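**Student:** Below are the chains, spelled out letter by letter.
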Amino acid sequence: MLTEALVLSAFLFAVGTFGFLVRRNAIIMFLCIELQLNAVNLSFVAFSRYLGIEGQLYVFFVMTVAAAEAAVGLAIIISIFRHFETVNVNNFNLLKW
Amino acid sequence: MTLPLVYSALQEGHEILAAHEVAGEAFEPFLPGLVILLPLLGFILNGALALAASRRSADALRGGAELDFFEGGKRPWTHSLPTWIGPGVIGLAFLIVLVNFTRMLGADLHEPVIRHYWTWMSTGAFQVDAALQLDQLSMVMMLVVTGVSFIIHVFSVGYMGEDQGYPRYFSYLNLFVFFMLTLVMGASFLLMFVGWEGVGFCSYILIGYWFTDKAKADSGKKAFIVNRIGDLGFLVAMLLLFAGFGAFAGFGTLNFVGVFAAAPDALVYGGGVVTAITLLLLLGATGKSAQIPLYVWLPDAMAGPTPVSALIHAATMVTAGVYMVARTSVLFALAPVGGLTVALIGATTALFAATIGLAQNDIKKVLAYSTISQLGFMFIGVGVGAYAAGIFHLMTHAVFKGLLFLGAGAVIHSMHHALHHTHNDADPQDMRNMGGLRKFLPITWITMWLATLAIAGIWPFAGFFSKDEIIWMAGARAGGVSGGWYTLIWIMALAAAMITAVYMTRLMIMTFHGKNRTGQEEARHLHESPWVMTVPLMVLAFFSIFGGWINVPHAISDSFLGGFGLLPMTEWLHEWLHPIAGVATEIQAANAGAFVDRAPFGGGELLWAVLSTGAALIVVLVSARVVGGFKILPAGESPEPVGFKKVLFMKYYVDEFYDRIIVQPLIRASRFSWKVIDAGIVDGVANGLGNLARALGWFGSLFQTGSVNTYALFLAIGVLVILGVVAF
Amino acid sequence: MANFFDFLLSADFLFYVFGGVAIGSAIALVTRKSPVASLLFMVATLASLAGVYVLFEAHFLAAIQIIVYAGAIMVLFLFVIMLLNLGHDYQKDLKGGAWAIVAFVVAGGLAGVLAQQFKGTEALPIYQNAQGPEVIDALLASQGAVGAIAHPLFSDYVVAFELTGILLLVAIVGALALAKRRV
Numbered sequence: 001m002l003t004e005a006l007v008l009s010a011f012l013f014a015v016g017t018f019g020f021l022v023r024r025n026a027i028i029m030f031l032c033i034e035l036q037l038n039a040v041n042l043s044f045v046a047f048s049r050y051l052g053i054e055g056q057l058y059v060f061f062v063m064t065v066a067a068a069e070a071a072v073g074l075a076i077i078i079s080i081f082r083h084f085e086t087v088n089v090n091n092f093n094l095l096k097w
Numbered sequence: 001m002t003l004p005l006v007y008s009a010l011q012e013g014h015e016i017l018a019a020h021e022v023a024g025e026a027f028e029p030f031l032p033g034l035v036i037l038l039p040l041l042g043f044i045l046n047g048a049l050a051l052a053a054s055r056r057s058a059d060a061l062r063g064g065a066e067l068d069f070f071e072g073g074k075r076p077w078t079h080s081l082p083t084w085i086g087p088g089v090i091g092l093a094f095l096i097v098l099v100n101f102t103r104m105l106g107a108d109l110h111e112p113v114i115r116h117y118w119t120w121m122s123t124g125a126f127q128v129d130a131a132l133q134l135d136q137l138s139m140v141m142m143l144v145v146t147g148v149s150f151i152i153h154v155f156s157v158g159y160m161g162e163d164q165g166y167p168r169y170f171s172y173l174n175l176f177v178f179f180m181l182t183l184v185m186g187a188s189f190l191l192m193f194v195g196w197e198g199v200g201f202c203s204y205i206l207i208g209y210w211f212t213d214k215a216k217a218d219s220g221k222k223a224f225i226v227n228r229i230g231d232l233g234f235l236v237a238m239l240l241l242f243a244g245f246g247a248f249a250g251f252g253t254l255n256f257v258g259v260f261a262a263a264p265d266a267l268v269y270g271g272g273v274v275t276a277i278t279l280l281l282l283l284g285a286t287g288k289s290a291q292i293p294l295y296v297w298l299p300d301a302m303a304g305p306t307p308v309s310a311l312i313h314a315a316t317m318v319t320a321g322v323y324m325v326a327r328t329s330v331l332f333a334l335a336p337v338g339g340l341t342v343a344l345i346g347a348t349t350a351l352f353a354a355t356i357g358l359a360q361n362d363i364k365k366v367l368a369y370s371t372i373s374q375l376g377f378m379f380i381g382v383g384v385g386a387y388a389a390g391i392f393h394l395m396t397h398a399v400f401k402g403l404l405f406l407g408a409g410a411v412i413h414s415m416h417h418a419l420h421h422t423h424n425d426a427d428p429q430d431m432r433n434m435g436g437l438r439k440f441l442p443i444t445w446i447t448m449w450l451a452t453l454a455i456a457g458i459w460p461f462a463g464f465f466s467k468d469e470i471i472w473m474a475g476a477r478a479g480g481v482s483g484g485w486y487t488l489i490w491i492m493a494l495a496a497a498m499i500t501a502v503y504m505t506r507l508m509i510m511t512f513h514g515k516n517r518t519g520q521e522e523a524r525h526l527h528e529s530p531w532v533m534t535v536p537l538m539v540l541a542f543f544s545i546f547g548g549w550i551n552v553p554h555a556i557s558d559s560f561l562g563g564f565g566l567l568p569m570t571e572w573l574h575e576w577l578h579p580i581a582g583v584a585t586e587i588q589a590a591n592a593g594a595f596v597d598r599a600p601f602g603g604g605e606l607l608w609a610v611l612s613t614g615a616a617l618i619v620v621l622v623s624a625r626v627v628g629g630f631k632i633l634p635a636g637e638s639p640e641p642v643g644f645k646k647v648l649f650m651k652y653y654v655d656e657f658y659d660r661i662i663v664q665p666l667i668r669a670s671r672f673s674w675k676v677i678d679a680g681i682v683d684g685v686a687n688g689l690g691n692l693a694r695a696l697g698w699f700g701s702l703f704q705t706g707s708v709n710t711y712a713l714f715l716a717i718g719v720l721v722i723l724g725v726v727a728f
Numbered sequence: 001m002a003n004f005f006d007f008l009l010s011a012d013f014l015f016y017v018f019g020g021v022a023i024g025s026a027i028a029l030v031t032r033k034s035p036v037a038s039l040l041f042m043v044a045t046l047a048s049l050a051g052v053y054v055l056f057e058a059h060f061l062a063a064i065q066i067i068v069y070a071g072a073i074m075v076l077f078l079f080v081i082m083l084l085n086l087g088h089d090y091q092k093d094l095k096g097g098a099w100a101i102v103a104f105v106v107a108g109g110l111a112g113v114l115a116q117q118f119k120g121t122e123a124l125p126i127y128q129n130a131q132g133p134e135v136i137d138a139l140l141a142s143q144g145a146v147g148a149i150a151h152p153l154f155s156d157y158v159v160a161f162e163l164t165g166i167l168l169l170v171a172i173v174g175a176l177a178l179a180k181r182r183v
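Protein chains in written order, with my numbering: chain A, 1 to 97; chain B, 1 to 728; chain C, 1 to 183.
If you are wondering where the hints come from, they were derived from the structure by calculation, not from laboratory data. Heads up, some of the hints might be wrong.
[As the list claims (entries may be wrong)] Restraint ranges, calculated between C-beta atoms of paired labels, are given here: (1) C/Ser155 to B/Trp698: 56 to 62 Å; (2) C/Val17 to B/Gln704: 43 to 49 Å; (3) A/Glu85 to B/Val682: 53 to 59 Å; (4) C/Ala72 to A/Glu85: 23 to 29 Å; (5) C/Ile172 to B/Gly697: 22 to 28 Å; (6) A/Ile76 to C/Ser155: 33 to 39 Å; (7) C/Asp12 to B/Gln704: 48 to 54 Å.
[What the hints assert, rightly or not] Think about it this way: if two alpha-carbon atoms lie no more than 20 Å apart in a straight line, the pair counts; the simulated DMTMM-like pairs of lysine to aspartate or glutamate are: (8) C/Lys33 to A/Glu85; (9) B/Lys221 to B/Glu528; (10) C/Lys180 to A/Glu85; (11) C/Lys119 to A/Glu4; (12) B/Lys515 to B/Glu528; (13) B/Lys645 to B/Asp655; (14) C/Lys180 to A/Glu69.
[Claimed, not checked] Some but not every residue of chain C turned toward chain B, in silico, with C-beta under 10 Å: (15) Val106; (16) Val113; (17) Gln116; (18) Gln117; (19) Gly120; (20) Leu124.
All values derive from a computational prediction rather than experimental measurement. From the three backbone atoms N, C-alpha and C, an ideal C-beta is built for every residue, glycine too.
Okay, chain A solo, but in the shape it has when bound (with noise of 0.2 Å):
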C-alpha cells in the first residue's frame, strides 16, 4: 500500500502544483499550496507506517507551518485588497524590475 500512497502523493503534488500555475485568484492559490502541503503530509504519513512515529511528528510540524501561513498570507490577500480591490493576480505585477 506504500507505493500507492506515495503515487497518490505525487498525483495530489502535480495537481496542485497545477493548479498554481492556472489559477489567477490569489486565494485558490493559496488553497492549491495547501494541497501540495498535503500531499507531502500523505507521503510522510505513509513512510512514518514502516520507519517509525517520527513521520507523523513531521506532520504535526508542517501543519502548524500551514496554520501560520495561512494567517500571514489571509491578512497579505486582505491588505492586496484593500489596495487594489481584487485578489487578481495579473493586477499585481509590480515585482518587475
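With the hints as your guide, set chains B and C onto chain A.
**Tutor:** Chains B and C alone, transformed into the frame defined by chain A:
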C-alpha cells in the same frame, strides 16, 4: 656691511686651521631649521595676502569697477604688506645663516653636522629622516642662496610693485627659496630631491607667472617637462644607490653621510654601476642646470619676470646641478668616465651657448645663453675634479649674472615705461630698439659694465679668478689619464671665454652706447630706476669686483696679479671645501693622477692668467670698437640675418630639431594612442562589454513579467529538471 | 456477501475510495470557478486524506486534520472569501490556451517523474526488513494514539515544538500588523 665681520672671522678661522686643527670648538648650529622655515612662513603669509587680493579684485570686477589698484596713488594693504614680509623673511634667514657661518668659521669641523628633526618615512629597511646637513658646502650654498635671494627680493619690490599679482609673486618667490634651501641643506638624496622637484615647480609657476599670455604659460610647461626628463635620471640613480645592481648590493640608505662613507669600499673604481649612477645623476643635472642636451628650456624661461630670471634661472636653481655633482664628488671621482662626461658636456655647452649668444637681439636671451655657457664652465670645474673651482665660479657667477639680469631688468623696466607712455608697441627687450641708454640709466650702466668685465674674466674682477681657475684645472689634467680629452676641453673653455667677452661687449654697446634708437618722444620718458632697484645693483657690483678675492691661487697670490700677497684669503675656498672634496680628490689622485702644475702646451699658471686676462681685455676693446662701428637699425627696420649669422640667430635650429625628432613624433604617437588605442580599442571593448551586459540584462528582464504564475512555472520547470537529472 | 462487505471495509479498497475522492475533489478544486466551491472541494480532499491517515494508523493526525485543517484553517479561508465578497470577479480566473497546456505538461511531468521514482519502493530492502508496522502497532497499543505522538514531541523534539509555538506567535503578530488599517 658685513664684509669686515666676515673678513675678521675668516682670519680667525684661518689661523685656527693653520695651527693644524688643534682642538677647535665644536660647531654648534644656530637655529638651522628657522633658515628653512622663515621662507615657508613668508610663502604662507604672502599666499594668504594673494588670496585676499584676488578676492578683492574679483569683487571689484563683479561690481563693474575698473581693475586698477593704483588709481589715486595709494597702494592697497595687500600690496604694502608683502613689501616687508617677502624680503623680510629672507633677510632674517640670511642673518641666521651669517651667524652660523661665523660660528662654523670659528669651529673645527671635519664631519658634517646633522640636525635630525623627525623620521619622514620608515618602511622596512628604508628609512628617511627629515634632517638637515650643515657642512662647509651647504654653508656656502646657503650664503649664496639667502644672500642673492635677499638682494633680488629687494629689487623685486621696485620691479614688480605695480603688478596686480604682487603678493602672489612674493609668495612664489619665498616658496622657491624654501625649496632651494631644502635642496642644499637636506641630509639625504631624497630630501635633496624634494627640494629639486620643489624648485622645478616654483620655476614652472614663476615662468608662467603672467599665465594669461599663452606663450609664457607654454614656456613654463616646456621648462617643467624638460626638467622631468632629467628628474627621471636622478630618480633611477637614487634607486641604484639604494638597492644596487648586479654585484653591487646597494647602500641601503640615502643619507649623504652613509653613502659617501661606504662608497670607496663598496664601489669598484671605474666600475659599471658607479658610472651608470654618475651618468644618471648627470642627466638630472643637465636638466636642472640647462646643459646639452636638455638646455632648451632655459632661454624660454626668460618669459618670467626678470628678477625671477636673475634669481632662479641664473643665480640659484640652475646651479643645483653643479651643487649636486660637488655634493656627490666621491661618486664622480670613482667614475672617471662620469667625471669626464660632465666636463665634456660642460665644455661643449659653454662653447655652443656662447656662439648662440653672439647673434641674439633680445637682451634677456643673450643673458640666458650666457648663463648656459657659464654653467658649462662650472660643469667643467666639477667634472675635472676641481670642485672648489666649480663652486667658486657658482658663487661669483651668482653675483655678476644676478647683477646683469637685474640691470637688464632695470633697462627693460625703463624701456617698458617709456614705450608704454608713448603707446609704442615695440619690444622693450630688443636691444636694437635701445642704444645710448647710458645717459638715462647711469647707475645701471656702470654696474653692468662692472659685471661685464667680471664675466669676461678681466683682472681683478670676480670672474677672472673663478673662470681662470677652472680653465687652469682643466688644463692641469691634460698630463694624466685621457689627457687628450682634457686638452680639448681646455681649448674649448678658452675659446668660450673669449666669445663670452665678445657677446657681453656687444650687449653693452648695443644697449648703452651709440645713438639712441628709442625715438624722440620715448627718450624723454626714459629715467633711472628708484633706489630700491639701484641699491641692489650697487651691492652686487661691489661683490662682482671683490668677490673673487676669497680664492686667489697660490701661484698668482704673490705676483703682481695678486697684489704681491696683499690679498689675505689665498685659496681660502679651496681649503674651506677640503673636508667635502678631499676624499674625492684623494681617490682621483690615487687612480687618475694628480693635477700637474703645467698647461697642455707649457707655461705656468701665472703666465696663462696674464695671457687670458690680456686677451680678454683686447677682445673687449676690439669688439667694442667693431660693434660700435656697426650701423644698427631698430627692430622693425632690421633686415633678416643671413648665412651663418642666421644659423646662430636661429640657435642652430636645435628647437626645430627637437620638435621634428621628439615632439612631433610624440604628438603623433599620443594622437594615435588617443584616437585608435584609447577611443577605438579600449573604449570599444569597454563599451562593448557594457552593451553586452545591457543586452543580457534586457534579455533576462523578459522573464521578469511580474506575474507570480510565471515565476512559479519557472520554479516548477526547475524542479522538474533537477528531479529528472536525479532520476535518470 | 460477508466477503463483499469485508472487501468493502478492507484497507485496500478504502484506500482506493479515499484516494479517488481526494484526487477527484483536488481536480475539482483547481477547475471550479467559484472560490467557495473550490474551498468546499478542498475540505473534501482534506477529509478523504484524513481517511487515508486512519488507514495508516495515524489516528491522531486524522483527527487534527479534520479539526484543525478542515475545521479551523479552511473556515478561515471561507471567512476571507466571504469578507472580500469574491466570486463575482469580472476578470477570468483560469488561465487558458497555451499557458494551460504548458502548465499541464509541467505538472504531468512532475507527477510522472515522481510516480516513476516511487514505483517499487516496497521492494527496497529497508522496507522489506523493517519491523515498522509491528513497532507502531505495539506503540499505539501501549501508549495510545495521542501518547505515541506526544511522548517524542515533549522529549526528543521539544525544542522544535517550542519553536513552532514561537512561529505561531510571530504569525499572529504579523497577521495583526498586516491586517490593521493603520499601523
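**Student:** Hints first: check each against the structure and report whether it holds.
**Tutor:** Here is what the structure says about each hint:
{"no.": "1", "hint": "C/Ser155 to B/Trp698: 56 to 62 Å", "result": "holds, 57 Å"}
{"no.": "2", "hint": "C/Val17 to B/Gln704: 43 to 49 Å", "result": "holds, 46 Å"}
{"no.": "3", "hint": "A/Glu85 to B/Val682: 53 to 59 Å", "result": "holds, 55 Å"}
{"no.": "4", "hint": "C/Ala72 to A/Glu85: 23 to 29 Å", "result": "holds, 28 Å"}
{"no.": "5", "hint": "C/Ile172 to B/Gly697: 22 to 28 Å", "result": "violated, 41 Å"}
{"no.": "6", "hint": "A/Ile76 to C/Ser155: 33 to 39 Å", "result": "holds, 36 Å"}
{"no.": "7", "hint": "C/Asp12 to B/Gln704: 48 to 54 Å", "result": "holds, 49 Å"}
{"no.": "8", "hint": "C/Lys33 to A/Glu85", "result": "holds, 19 Å"}
{"no.": "9", "hint": "B/Lys221 to B/Glu528", "result": "violated, 34 Å"}
{"no.": "10", "hint": "C/Lys180 to A/Glu85", "result": "holds, 16 Å"}
{"no.": "11", "hint": "C/Lys119 to A/Glu4", "result": "holds, 8 Å"}
{"no.": "12", "hint": "B/Lys515 to B/Glu528", "result": "holds, 18 Å"}
{"no.": "13", "hint": "B/Lys645 to B/Asp655", "result": "holds, 17 Å"}
{"no.": "14", "hint": "C/Lys180 to A/Glu69", "result": "holds, 17 Å"}
{"no.": "15", "hint": "Val106", "result": "holds, 5 Å"}
{"no.": "16", "hint": "Val113", "result": "holds, 5 Å"}
{"no.": "17", "hint": "Gln116", "result": "holds, 7 Å"}
{"no.": "18", "hint": "Gln117", "result": "holds, 6 Å"}
{"no.": "19", "hint": "Gly120", "result": "violated, 13 Å"}
{"no.": "20", "hint": "Leu124", "result": "violated, 15 Å"}
In the structure shown, a violation is registered for the earlier hints numbered 5, 9, 19 and 20, in ascending order.
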